[in-house]
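Asker: Each chain, written out:
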Amino acid sequence: MYAEGFFLQALVYLATAVIAVPLAKRLGLGSVLGYLIGGVAIGPFALGLVGKEGQDVLHFAEFGVVLMLFLVGLELAPARVWRMRAPIVGLGSLQVLATAAAITGLATLLGLEWKAALAIGLALSLSSTAIVLQTLVEKGLIRTAGGQSAFAVLLFQDIAVIPMLAFLPLLATAGATPFVDEHTTTWVSDLPAGGQVAAVLGAVGAIVLAGRYGLRPVFRAIARSGLRELFTAGALLLVIGIAMLMAKVGLSPALGTFVAGVVLANSEYRHELEDNVEPFKGLLLGLFFIAVGTSIDFALIGRELATILGLVAGLVAVKLVILNVLGHLFRLGTDQNLLFTFALAQGGEFAFVLLSFALQNGVIEAPVAALVIAVVALSMALTPLLMLFSEKVLIPRLGTRAEIEVPPTAVEETAPRVVIAGFGRFGEIVGRLLRAEGFEASVLDFDSDQVDLLRRMGMRVYYGDATRHDLLAAAGAGSAELLVVAVDDPLRTKRIVEVARRYFPRLRILARAQGRVDAQELVELGVEHVYRETLDAALRVGRDALHALGVPAYQAQRTAQAFRRHDELALTELAAHRHERHYVNLARRRIEDVEEALRADQQRANESKDAGWDVESLAEELAPEASSKP
Amino acid sequence: MSSPDPRRVLLLFAHPAFARSRANRALIEAAQRVEAVTFHDLYEAYPDFDVDVAREQELLVRHDVVVLQHPFFWYSSPALVKQWEDLVLEHGWAYGSSGDALRGKLWVQAITSGGSEATYCATGEAGCTMRELLRPFERTAVLCGMRYLPPFLVHGVHGMSDETLAAHADEYARVLAGLRDGAYGPDELKGARLRAPLSSGAMPV
Numbered sequence: 231m232y233a234e235g236f237f238l239q240a241l242v243y244l245a246t247a248v249i250a251v252p253l254a255k256r257l258g259l260g261s262v263l264g265y266l267i268g269g270v271a272i273g274p275f276a277l278g279l280v281g282k283e284g285q286d287v288l289h290f291a292e293f294g295v296v297l298m299l300f301l302v303g304l305e306l307a308p309a310r311v312w313r314m315r316a317p318i319v320g321l322g323s324l325q326v327l328a329t330a331a332a333i334t335g336l337a338t339l340l341g342l343e344w345k346a347a348l349a350i351g352l353a354l355s356l357s358s359t360a361i362v363l364q365t366l367v368e369k370g371l372i373r374t375a376g377g378q379s380a381f382a383v384l385l386f387q388d389i390a391v392i393p394m395l396a397f398l399p400l401l402a403t404a405g406a407t408p409f410v411d412e413h414t415t416t417w418v419s420d421l422p423a424g425g426q427v428a429a430v431l432g433a434v435g436a437i438v439l440a441g442r443y444g445l446r447p448v449f450r451a452i453a454r455s456g457l458r459e460l461f462t463a464g465a466l467l468l469v470i471g472i473a474m475l476m477a478k479v480g481l482s483p484a485l486g487t488f489v490a491g492v493v494l495a496n497s498e499y500r501h502e503l504e505d506n507v508e509p510f511k512g513l514l515l516g517l518f519f520i521a522v523g524t525s526i527d528f529a530l531i532g533r534e535l536a537t538i539l540g541l542v543a544g545l546v547a548v549k550l551v552i553l554n555v556l557g558h559l560f561r562l563g564t565d566q567n568l569l570f571t572f573a574l575a576q577g578g579e580f581a582f583v584l585l586s587f588a589l590q591n592g593v594i595e596a597p598v599a600a601l602v603i604a605v606v607a608l609s610m611a612l613t614p615l616l617m618l619f620s621e622k623v624l625i626p627r628l629g630t631r632a633e634i635e636v637p638p639t640a641v642e643e644t645a646p647r648v649v650i651a652g653f654g655r656f657g658e659i660v661g662r663l664l665r666a667e668g669f670e671a672s673v674l675d676f677d678s679d680q681v682d683l684l685r686r687m688g689m690r691v692y693y694g695d696a697t698r699h700d701l702l703a704a705a706g707a708g709s710a711e712l713l714v715v716a717v718d719d720p721l722r723t724k725r726i727v728e729v730a731r732r733y734f735p736r737l738r739i740l741a742r743a744q745g746r747v748d749a750q751e752l753v754e755l756g757v758e759h760v761y762r763e764t765l766d767a768a769l770r771v772g773r774d775a776l777h778a779l780g781v782p783a784y785q786a787q788r789t790a791q792a793f794r795r796h797d798e799l800a801l802t803e804l805a806a807h808r809h810e811r812h813y814v815n816l817a818r819r820r821i822e823d824v825e826e827a828l829r830a831d832q833q834r835a836n837e838s839k840d841a842g843w844d845v846e847s848l849a850e851e852l853a854p855e856a857s858s859k860p
Numbered sequence: 125m126s127s128p129d130p131r132r133v134l135l136l137f138a139h140p141a142f143a144r145s146r147a148n149r150a151l152i153e154a155a156q157r158v159e160a161v162t163f164h165d166l167y168e169a170y171p172d173f174d175v176d177v178a179r180e181q182e183l184l185v186r187h188d189v190v191v192l193q194h195p196f197f198w199y200s201s202p203a204l205v206k207q208w209e210d211l212v213l214e215h216g217w218a219y220g221s222s223g224d225a226l227r228g229k230l231w232v233q234a235i236t237s238g239g240s241e242a243t244y245c246a247t248g249e250a251g252c253t254m255r256e257l258l259r260p261f262e263r264t265a266v267l268c269g270m271r272y273l274p275p276f277l278v279h280g281v282h283g284m285s286d287e288t289l290a291a292h293a294d295e296y297a298r299v300l301a302g303l304r305d306g307a308y309g310p311d312e313l314k315g316a317r318l319r320a321p322l323s324s325g326a327m328p329v
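Residue numbers (our numbering), protein chains in the order written: chain Y, 231 to 860; chain G, 125 to 329.
Take these hints with a grain of salt, some might be off.
To give an idea of the interface, some chain G residues facing chain Y are shown, with a C-beta separation under 7 Å as derived from the structure [what the hints assert, rightly or not]: (1) Pro140; (2) Tyr167; (3) Tyr219; (4) Gly223; (5) Asp224.
FRET-style restraints, in silico, Cβ to Cβ [what the hints assert, rightly or not]: (6) Ser847/Y - Arg227/G: 40 to 50 Å; (7) Met687/Y - Asp129/G: 45 to 55 Å; (8) Arg298/G - Gln744/Y: 43 to 53 Å.
Hints are computed from structural coordinates only; laboratory data are not their basis. We put the CB at the ideal spot given by N, CA and C, even for glycine.
With the hints as constraints, model all of the structure from the sequences given.
Answerer: So this is what it looks like as structure tokens:
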């Protein structure tokens, strides 16, 4: 009855999420706290719906962190990571070293042997990537100076875990088990140190190379199949594959997928990948937070309440002090420093890994490990509350109330003034014309071959379906001024227009229409600028044909111009009473439309001549007696 | 005093409704009978006003005499002539310290007007002479280092008889040929008139 058990578990977790998170959000607590409280509620110490398997769920759900770092990487082009090198290396290393030293010292003072104290110090120097990033993104603070600093520190910590894992066995007093992860055996564990380093570098290099050259043809092939779920499958396959490769060479899977994300950040499939991975990340991360909630050992906490509360307070206090000093050192303003400080003042999920690893290696004893794990879990649960406290109480009092700074580079990269939907024969001309005047449009197109070609020409082109508002938003529709709808399918054009008008009402829309009927429908949808795709070319053909027949070029030009004016007028007039008629089918309607247009032409036939250069009336007035004129 | 080689004459023509202009048709037909005159219809070449600057400049360079023929609209030329001037007569090419491409060339305007000759004098309807009204063209030509010749004028085209028009057309052909062969030039024109004594009354020069 494995399946039944699985469904039952899924039912419990999903119900927890659906009930707890909206409640928490309504109370202003944020989704992370909602998940955590939900987890506590269903855990063995409250409702008891979930028992010891909570630990397994936690391991499974850690994959959510992996997905999250992949998404974070997708948001960060290599150039931006490079610009962040100072905070990542400087701020990150100082935070880890200072915190580890302080906690090691305190633990020694509390009577622990120095080796155990050092293991705990290292484990507790890390913060929770999952909770912090999720909260910052949810609050929209990730792009602020404080958010970016927090992110830089978290990134360094993810890297620092690797040497820590390698270092812990060296602390083992006696009979230490070899360097083996509890879940997997690595390919490199038997290699000498140099070989291990080479394998690690090789794996990262392979990811970079694959991301740069190998993955795009693969995604293009998948995209060409036209099946959206296949793209989802491909995206998950990529992330899981990288995670496994990383585990095999003893690296953090999160780090590996982060690298892959950064490499793919400049690719045309970025938005599509984001959209496909996002829901999985969200669910798994939610599961992870619930699992953290269920795994808090309230029995232990009950027994050692004073000790544990004291330790949590001590941990948070030490971290707060060190982070705040570092924030000052790196010139964060008061608001941003408070944000940075309170965001990172907790133990993290890596502490679970490091502590259980240290336990296996005999570096620490089981009761101590259980105690510290409880402290970490509580500090994690406390984080959203602490951030709330800082945001609602401290910052309004201490803060300078500076506007939340968005780095200008972020705006540059994400705020094109024009979004072009569809970059085939039509949109391509629009985009090139805009480019000739120095306007770089953000382009969405559905044809992966086309996208690939244009990317090679250096255009900012993304692969994706512009009828989806999230993709439009990703391409910058939220801040753009113009949306050029240049797709060739009238139905998709209408859907894009409807979506854009609903979600981005400020956008001015310039839409390509196929024929008269489509144009009328777009006018009815409220689109001010409608362009029939064949009108201009047909008018030029007509003009040149007239010229070839002997009509002077400029006269043919003026006739075509007048014709166009009248035809546009007729179109809007006909659109007005279009609904009075009932059409059997579209073809019939097109014929009737042309019929109406022809009738309108006849009425206006005499109005379209230029009177400005007509000399007849003037000649009559000036020389009424002239009779020699033929 | 004519130079041994014939001058190369470029006839720039601008009429937005050529098909409706009897006078200009007569003049153009006469002009086309004159050999070695390059005829260039601006409204035919640029119906969308998208003047090809390089092509126009090359045409100018290859000729010694520029004749601009157009009807007189609102005391000036049709709109395309202004567009042509604005785009083609570039700084650094036509004028300015390094702009000498047109230096020494001759500039002549051939103009048809509905008003009678009497219209264009201090006491007439226009309140000034044709030469005064054409001052912008004259200054343009002078700034480009060209020799500005007095215009060839056909007044009162609306009521004009076919015979008179034909006589004007013949005279136009002679003037063009004269410009080509050096019979008319800045030196010869001192005190002379471009126009033969066909018109009644003095031509305001």
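Asker: Against this structure, judge whether each hint is valid.
Answerer: Here is what the structure says about each hint:
{"no.": "1", "hint": "Pro140", "verdict": "5 Å, holds"}
{"no.": "2", "hint": "Tyr167", "verdict": "4 Å, holds"}
{"no.": "3", "hint": "Tyr219", "verdict": "28 Å, violated"}
{"no.": "4", "hint": "Gly223", "verdict": "28 Å, violated"}
{"no.": "5", "hint": "Asp224", "verdict": "32 Å, violated"}
{"no.": "6", "hint": "Ser847/Y - Arg227/G: 40 to 50 Å", "verdict": "45 Å, holds"}
{"no.": "7", "hint": "Met687/Y - Asp129/G: 45 to 55 Å", "verdict": "52 Å, holds"}
{"no.": "8", "hint": "Arg298/G - Gln744/Y: 43 to 53 Å", "verdict": "60 Å, violated"}
Checked against the numbered hints given earlier, the structure breaks hints 3, 4, 5, 8 and satisfies all the rest.
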